[in-house]
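Chain order of the listed sequences is Y and S. So the first sequence is numbered by our numbering: it starts at 174 and just counts up by one. So the second sequence is numbered by our numbering: it starts at 365 and just counts up by one.
Hints should not be assumed to be uniformly reliable.
[What the hints assert, rightly or not] Derived lysine-lysine pairs resembling DSS-like cross-links, with alpha carbons at most 25 Å apart:
no. : chain 1 : residue 1 : chain 2 : residue 2
1   : S       : Lys696    : Y       : Lys594
2   : Y       : Lys364    : S       : Lys911
3   : S       : Lys530    : Y       : Lys368
4   : Y       : Lys594    : S       : Lys765
5   : S       : Lys696    : S       : Lys530
[Said to hold, decoys possible] Computed footprint of chain Y on chain S, listed as stretches where at least three residues anywhere in the stretch have a Cβ under 8 Å from a Cβ of chain Y:
no. : stretch
6   : 441-449
7   : 792-801
Simulated from the structure, these hints should not be mistaken for laboratory data. Cβ coordinates follow ideal geometry from the N, Cα and C atoms, glycine included.
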Amino acid sequence: MKDTIVAISTALGKGAISIVRISGENAIPIVNEIFMGKDLTTAPSHTIHYGYIKEKEELIDEVLVTIMKSPRTFTMEDIVEINCHGGIITTNRILEIILLHGARIAEAGEFTKRAFLNGRIDLTQAEAVMDLIESKSDIARRQALGQLQGKLSNHIQNLREKIKDLLASIEVNIDYPEYYDIEIVTIDKIKATSKELLKELEKLLEDAKSGSVIKEGIKTIIIGRPNVGKSSILNSLLGQEKAIVTDIEGTTRDIVEGNINIDGICLNMIDTAGIRNTEDKIEKIGVEKSLSLINDANLILLVLNGAEVLTEQDLELLKKVDKEKTIVVLNKNDLESKLQEKDIKDFQVVSTNTKEEDGIRCLKEKIKDLFNLEKIENIDTTYLSNARQVSLIKKSYDILMNILDEIEKDLPIDMLTIDLKNIFDLLGEVIGEEYSEEIIDHLFANFCVGK
Amino acid sequence: MEYEVIVVGGGHAGCEAALATARMGHSTLLITGNIKNIADMPCNPSIGGPAKGIVVREIDALGGEMGKNADKAALQVKMLNTKKGPAVQALRAQEDKIIYPQEMLKTIKNQNNLSVKESLVEDLIVENNKIQGVILEDGTKILCKAVILTTGTYLKSNILVGSEKKAEGPHGERPSKFLSESLRKLGFTILRLKTGTPPRIEKSSIDFTKTSLELGDNISHTFSFENKVYYDVENQEPCYLIYTNDETHKIINNNLEKSSMYGGYVEGIGPRYCPSIEDKVVRFKDKSRHQLFLEPESKYYDDIYIQGFSTSMPYDVQEKMVHSLSGLEHAKIKKYAYAIEYDAIDARQLKQSLETKLVENLFTAGQINGTSGYEEAAGQGLIAGINASLKLEGKPSFVLKRNESYIGVLIDDLVTKGVKDPYRLLTSRAEYRLLLRHDNADLRLREYGYELGLVQEDNYQTFLQKKKDIQELFKLLENNKITPTNEVNSYLKNQNSAELKDGITLYNLLKRPEITIEHIKHFIDISYDEEVCYQVEINIRYEGYIKKALHEAEKMLLLENKKIPEDINYEEIPNIASEARQKLAEIRPTSIGQASRISGVNPADISILMIYLRKRERND
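Using the sequences and the hints, build the whole thing.
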């Protein structure tokens, strides 16, 4: 009825052990055919068995086989995991044999897809698995894991419960209008609950920014006019962290110059048209062009030469950037300062020179401050981690604002229930308890279903 | 064959069903155990209330009888929830229990194509899964093309008082003993349900000085869009409010085991939303009192109905309970309270048209489908009658959607979710209740009623005029502007409304929360009648919210319009959870929308089902 799928679940390479995972109706019989040891078809669920994988009469590897029977498994189907010896050749050989015996290779994310479709995990959890697989840093991994465990779902569920309680008491008042003893839901109660919810959603949206920082990294650009020392700052940042410098192109429209990991958070250095190579490129592409890059970035490092009087171009850049996300880096502080303090008084400023490490460390501290990285690292927060979730919460937030607005205008309760119900549904959509066309489309897009 | 349609049972469902088939031109026989009990009100002496009152309006809009009949028998009328907004307002009328059945019987007797016969139906004639007729208790066979069962509480009913159990229906009538057994043999799942009714008190034995007065509204209302007022607004019968007290609760607690319910004498499941007084005392221990209403039953006899005091206690305990109530210390009980249990079928074995899935041309409506309430019964009766007629005419069935009527919500709930306890309609069951208002039932449904042939020409013309007037008034308000003159601004200031800086259309002025159509009349002559003005006012004032509700409804309709092919084989769909698979196969929903409302079918199952259907479409 349904294909049995197989994949190598561990990273291929040097590990001592690799795991080959099979899921589907025929998982157990297929492995049983190639297993020398106990009869796996009669093995109880959630047991481990020692034996050998064989193909015809040839012994391939000495293995441990885990049998997990439907429905108490990740995909809710029968799952067999073969712990074999690491190394590409052995692992691949076992994979090939299993494919020969009737399984097919799993598509990317297909185990997760099945877990979702079989009702084992909800949408946020499915999204979390995707995040987990793609996570770039340890904190990102922890966040995804938290979501996988249903932290976000639980939080959203709690908010929904609050709305449900409020709605229920309003409904009782409507359906039993003459039962005077039932607590009359006054507008005050709706107001209070709405305000409370508003705060919660505000926090979720605020935290979402950190969430995306964790997941996506901080999009960082270094700007400044030629010869102020941008490339040397970039190099010392990169050099100190021994980051991998690659030109990754294609996945995003940015050209990533390199990744720098600051205490678990990833700085994605965006190349403003090749600052490393041609110092005067900014002039060539013009300020206009680099402006869009400036707007897009989460962090701007504006490099000024402290040993020179600011030029018109410097002042122009200072005017154009968003102060909230900019750090002014005064380079060449080993030379005498000629800078006018008033021009940069509203900015976060770091003085540095590339000869000493202090300045660079200072810069890193400033970055951590600016993004609240201490907090992200230490507090176990529930994060919204994708645009779909954020937009649904934003919509809910706007509706709550509207409720508070309309209450002041004496809007009758039956109208307010429409808004409350709407928020209840939107929050349900976040965790996949309500469905809409969009969710189905989302499924098609992200899980390649329907092929 | 003398009759095309046989309606079994003459309660609120049966009356609507029989009138509908007869009016749609099909010779109909209504069979009832006792003609005296046609349109009987064996329980509360009122019609309407939240959601239910709107159902009555919908019945009237479609050309049914309940609204008109309730207007003729009204004793006291009240609009409920007036302060909670237009969406949840509903009419409730105290009704005369003598007049109501009398008037309905008159209508039935005057109806062409409709005959009434007194007898009990004990079996159905079914050939090749198609209904052929009924067999009466004396063995007489009557053949027909369609049967509508509206048996109420009379299927194998037992009256329960304390430990006593008598096999009879309300008023000591004979129940049908074998019909539910023949339904079981045809494959129907039979449920056992229970309901109850409170004691009736002799009016002259009550000391009303210890009660507080509950009066009707001082303006007249009607259920029917014909707007004929039969009652005297100045002289409405009053109701009275009293409360239970510690003593009442003590008596109940001390005698709990003597009640049929707690003594274990009842098999049926009682209604959650209309519990007996012993249930209330047990379940809400922290409440020191419960509210009771003393309601008149008729002008022609002086029984007072104690609303909220239904019980299955033995007579001696009932005496004590009643006498513990303030004002009723010396009350004389004219009729004791009782519980009644009866058979019903699982409504999930019905199509949306109320035709059974098992037997072609067999329809069911009312309590047999697991509902409680006169209004719920009447609504189903009307729809069953309409669909039986359409079926005989070879036309597609008439199904009201959840966004266009409470009747649609009711029937969809029944056939999709089934019931565990007697189902009561609540406003919260409707997702789009802002669209399902008391005031716009005709705008929603009149056209249907006319097309079906149930709405008379003159009523339809009145409706068309109203629609036209509404459009004109909208235009009038849109096309007329006022400017910030001194006169205008001083008037607005007097109404606590902000002064104008620029010109504004009257349409936009009416959007201000403090401005009503009455204020608008200060600026322009409006000659349209009140209903038209109210309609326009609501639609302008709540335009934003109505749009939201319409948008939500459209989203639902998208799912509703995703039809599930009749030949779908749920076994073929991979991944669906086994519970969902079983429920889907059993209920066989006609659309994704309906499927999504089945309990036990999860969002993930719906996703899979939609994916399966998309693939199937692609392959076709």
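Tested hints:
no.: 1; hint: S:Lys696 / Y:Lys594; result: violated (48 Å)
no.: 2; hint: Y:Lys364 / S:Lys911; result: holds (23 Å)
no.: 3; hint: S:Lys530 / Y:Lys368; result: violated (57 Å)
no.: 4; hint: Y:Lys594 / S:Lys765; result: holds (20 Å)
no.: 5; hint: S:Lys696 / S:Lys530; result: holds (24 Å)
no.: 6; hint: 441-449; result: holds (count 5)
no.: 7; hint: 792-801; result: holds (count 4)
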